[in-house]
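Undergrad: What follows is each chain in one-letter form.
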Amino acid sequence: MQAYLKLDHIDKTFTRGNATTEVLKDINLTIEKGEYVSIIGHSGCGKSTLLNIVAGLTDTTQGCVLLENREVNSPGPDRAVVFQNHSLLPWLTVYENVRLGVDKVFASTKTRAERDAWVMHNLNLVQMAHAKDKRPSEISGGMKQRVGIARALAMEPKVLLLDEPFGALDALTRAHLQDSVMALHQKLGNTILMITHDVDEAVLLSDRIVMMTNGPSARIGEVLEVPLARPRKRLELATNPGYLKCRQRVLEFLYERHRFVEAA
Amino acid sequence: MSMPAIKAEATAVAIPTASSTSPSTAAPVVTMTPKQAPRAEKYVKMARETAVRVVPPLVVLALLMLFWELVCRRTGSTLPPPSRVFKETKELIFDPFFDRGGIDKGLFWHLSASLQRVAFGYSIAAIVGIGLGTLVGQSVWAMRGLDPLFQVLRTIPPLAWLPLSLAAFRDGQPSAIFVIFITSVWPIIINTAVGIRNIPQDYRNVAAVVQLNPLEFFSKIMIPAAAPYIFTGLRIGIGLSWLAIVAAEMLIGGVGIGFFIWDAWNSSHISEIILALFYVGIIGFVLDRLIAGLAKIVTRGTALN
Numbered sequence: 001m002q003a004y005l006k007l008d009h010i011d012k013t014f015t016r017g018n019a020t021t022e023v024l025k026d027i028n029l030t031i032e033k034g035e036y037v038s039i040i041g042h043s044g045c046g047k048s049t050l051l052n053i054v055a056g057l058t059d060t061t062q063g064c065v066l067l068e069n070r071e072v073n074s075p076g077p078d079r080a081v082v083f084q085n086h087s088l089l090p091w092l093t094v095y096e097n098v099r100l101g102v103d104k105v106f107a108s109t110k111t112r113a114e115r116d117a118w119v120m121h122n123l124n125l126v127q128m129a130h131a132k133d134k135r136p137s138e139i140s141g142g143m144k145q146r147v148g149i150a151r152a153l154a155m156e157p158k159v160l161l162l163d164e165p166f167g168a169l170d171a172l173t174r175a176h177l178q179d180s181v182m183a184l185h186q187k188l189g190n191t192i193l194m195i196t197h198d199v200d201e202a203v204l205l206s207d208r209i210v211m212m213t214n215g216p217s218a219r220i221g222e223v224l225e226v227p228l229a230r231p232r233k234r235l236e237l238a239t240n241p242g243y244l245k246c247r248q249r250v251l252e253f254l255y256e257r258h259r260f261v262e263a264a
Numbered sequence: 001m002s003m004p005a006i007k008a009e010a011t012a013v014a015i016p017t018a019s020s021t022s023p024s025t026a027a028p029v030v031t032m033t034p035k036q037a038p039r040a041e042k043y044v045k046m047a048r049e050t051a052v053r054v055v056p057p058l059v060v061l062a063l064l065m066l067f068w069e070l071v072c073r074r075t076g077s078t079l080p081p082p083s084r085v086f087k088e089t090k091e092l093i094f095d096p097f098f099d100r101g102g103i104d105k106g107l108f109w110h111l112s113a114s115l116q117r118v119a120f121g122y123s124i125a126a127i128v129g130i131g132l133g134t135l136v137g138q139s140v141w142a143m144r145g146l147d148p149l150f151q152v153l154r155t156i157p158p159l160a161w162l163p164l165s166l167a168a169f170r171d172g173q174p175s176a177i178f179v180i181f182i183t184s185v186w187p188i189i190i191n192t193a194v195g196i197r198n199i200p201q202d203y204r205n206v207a208a209v210v211q212l213n214p215l216e217f218f219s220k221i222m223i224p225a226a227a228p229y230i231f232t233g234l235r236i237g238i239g240l241s242w243l244a245i246v247a248a249e250m251l252i253g254g255v256g257i258g259f260f261i262w263d264a265w266n267s268s269h270i271s272e273i274i275l276a277l278f279y280v281g282i283i284g285f286v287l288d289r290l291i292a293g294l295a296k297i298v299t300r301g302t303a304l305n
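Taken in sequence, the protein lines are chains R and G. Under my numbering, think of the first position of the first sequence as 1, with each following residue one higher. Under my numbering, think of the first position of the second sequence as 1, with each following residue one higher.
No lab work stands behind these hints: they were computed from the structure. Quick caveat: nothing in here was measured; it's all calculated off a predicted structure. There's no promise every hint is true.
[To be verified] Here are the simulated distance ranges between beta carbons:
(1) R:G189 - G:P200: 24 to 34 Å
(2) R:Q186 - G:P200: 29 to 39 Å
(3) G:L153 - R:G17: 30 to 40 Å
[To be verified] Heads up, simulated BS3-like pairs for lysine-lysine below, C-alpha to C-alpha not over 30 Å straight-line:
(4) G:K105 - R:K132
(5) R:K104 - G:K42
(6) R:K132 - R:K110
Note that CB positions come from ideal geometry on N, CA and C, so glycine has one too.
Please take these sequences and the hints and turn them into a complete structure.
TA: Written out as structure tokens, the structure reads:
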């Protein structure tokens, strides 16, 4: 197996004053090119920290992240992030938000006209070209997240990082966006690492599901292959035995073996 | 002679009320002719909205004037009633552009001299304030080093700086500008710093992923994200600088509204002082509105969503 993205023995400890908390312990994961991998776990298990480490926004305490056998330890457009709360800059229009990244990444490789066309191409991919001159405050939550995805895609990342991208959306919008992301993955063949806490979402979208144990010192508890053929159809999967079995496995992991004990 | 002047003002007050109420009573008639209805209704609505905002302050103003007139008309009162103020300052009001050399100039020249000083001092304060505020907001060490200093310096009254600046610059003009600067710079620094410190981590993350360089980060993220705070500081600053200029000019002399007031006091022209105060107030108000308007235009997109 050719490792495209490799998380190599990652530990993460936060220190505040005298108190140290070990958040992640010995995380090892290899992801192939074009693979869609989800990380699922209860809240507080450090999955967002893990994504931030891959994005380079947080340093590791031990271990390293290798992308195409090169260590990466600072943020960059090759690992574009779709943030949970969209994080569009409210003073820029939809077009300008996407253009900001495009202008930086393709400053020397594309002409102005090409960059403009590239921005529009990516807005078209997420069906947001019609709103290009609107500001984030003027579009709905689902639309904002579409623009967030377009912004990340437009940087042509080697790995696309999704940080609970649909967490803040209502169920219908979420389903719609999941289908969009699935179609984009099918079409563009991106390598995607997604954080989620939604079992159905993980099974529907992923090739593999990484299940994290509860923190502190969260580890990778189990990795589940999802052997479902693509393209996947939401409605057909609802009764598919393979789908149900995967779903069952994840649920068992989360609710029986690693039940979330709330700190009371 | 004195009473008609007041009456004229009173009728002037009444006119907008009358014109705004008459179309509103005519409104039902207008709606019966559907072709013109939308436009006419729009005007009626606009007139009504204007009236609602304009009439109450005018009524209050008229009542205050009446009260002032009644109180100060008695013989032996120390201050002139509004009618006498108007009579005695008519020349100044209707001819603000005369220039007889020296400091014997129309009010326009005095006010424009003051505004120029404020413009200079305030512009420098805006540039320095936003710069230092950014530094203090961005760097923990700069904050630890500079913030205590700022907290002490900002409590020094503006006029306390004047003798020192006169000693340093040996000239009135730069000293006045310095006093404006030192008065208005603190709120700009402090508000900018708070604005920079409150930039959401999300925006910083976006900038990090896109790999903006520090200069791009400053112009594309920091300034727009902190703009609402910066403009709060700028608004407080312009108010303070207009407060300080009058006091500073009283001491440095020369052309300027502050010295005009002092000069009027020395020659016992109380009416001229009142007129000057009126202008100072109006211009202070306009300056504040100006910055507020600018803020509205610049920060249109930064409301949280």
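Undergrad: Hint says 30 to 40 Å; check whether the CB-CB distance for L153 (chain G) and G17 (chain R) agrees.
TA: Taking Cβ atoms as reference, L153 (chain G) and G17 (chain R) lie about 33 Å apart, which means the hint holds.
Undergrad: Would the pair K105 (chain G) and K132 (chain R) pass a check requiring their Cα atoms to be no farther apart than 30 Å?
TA: At roughly 56 Å apart (the allowed maximum being 30 Å), K132 (chain R) and K105 (chain G) break the hint.
Undergrad: Could you grab the alpha-carbon distance between K104 (chain R) and K42 (chain G) and see if it respects the 30 Å cut-off?
TA: Distance of about 48 Å is beyond 30 Å: violated.
Undergrad: Confirm or reject the claim that Q186 (chain R) and P200 (chain G) have a C-beta distance inside 29 to 39 Å.
TA: holds (34 Å)
Undergrad: So if I understand the rule, the pair passes when the alpha-carbon distance is 30 Å or less; does K132 (chain R) with K110 (chain R) pass?
TA: holds (20 Å)
Undergrad: Evaluate the given range 24 to 34 Å for the C-beta pair formed by G189 (chain R) and P200 (chain G).
TA: holds (33 Å)
Checked against the numbered hints listed earlier, the structure breaks hints 4, 5; every other hint is satisfied.
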